[in-house]
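Chemist: Just so you know, we're using UniProt numbering here: the sequence shown kicks off at 1 and counts up by one.
By construction, these hints were calculated from the structure, which means they are not laboratory data. Remember, it's a predicted structure, so these values are computed and weren't measured experimentally. Hints are not guaranteed to be accurate.
[Claimed, not checked] Simulated DEER-style distance windows between Cβ atoms:
#1 91 <-> 131: 32 to 38 angstroms
#2 58 <-> 138: 31 to 37 angstroms
#3 92 <-> 123: 20 to 26 angstroms
#4 54 <-> 138: 41 to 47 angstroms
#5 159 <-> 43: 35 to 41 angstroms
#6 67 <-> 142: 31 to 37 angstroms
#7 47 <-> 160: 33 to 39 angstroms
#8 42 <-> 73: 18 to 24 angstroms
#9 46 <-> 93: 25 to 31 angstroms
#10 52 <-> 94: 19 to 25 angstroms
#11 104 <-> 70: 26 to 32 angstroms
#12 139 <-> 43: 14 to 20 angstroms
All C-beta atoms, glycine included, are put in the ideal place defined by N, C-alpha and C.
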Amino acid sequence: MTRVSSYPDPARPSRSDRTRPSTSRSAARRGRGMRGVLLPDSVPGRRSRSEQFDAAVLDAFAPIERRWHDRLLKLDIAVDDVPKIRAVDPSSVTWPPEVVAEGPVPLSRLIPAGVDSRGATVRARIVVFRRPLERRARSMHDLTDLVHDVLVEQVATYLGVTPDVVDPDAMD
């Protein structure tokens, strides 16, 4: 026997109280889903932090590359998120000359040309570490300046000259 009553049963929730979790499919079907991209590709805010850092490295390296283009043809620039190297002497934090560091934290490393473990030739490469540099910069302008200074030191080490020869304006 079914019970028909005009009064709602307090033990049973009404239909309006029962809610289903909204899925992306149901939300999109009802016009509440994403309608398009939030920011277009041309807007700088669309780029990720790593893409912004890559652009800062290219901006910082451009004046060095223009000036020393002929001597830097066999040099590559790479970006790594975090350093995977350790100090020669952890107690006194001594770094080899091909590492630019601030105290115990390396900021970049120059890997000389040579032969890798598989016997293939490897070009010389400057590896810039993104996270330590980002932590030390207060703004994007500071980051570009800091990356430029690090690259000047690394290029000077690669060329065997002092940093003020590579970029006289940077060492003011």
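Chemist: Tell me the hint numbers this structure goes against, listed in increasing order.
Modeler: As far as the earlier hints go, 1, 2, 3, 4, 6, 8, 9, 10, 11 are violated by this structure, in ascending order.
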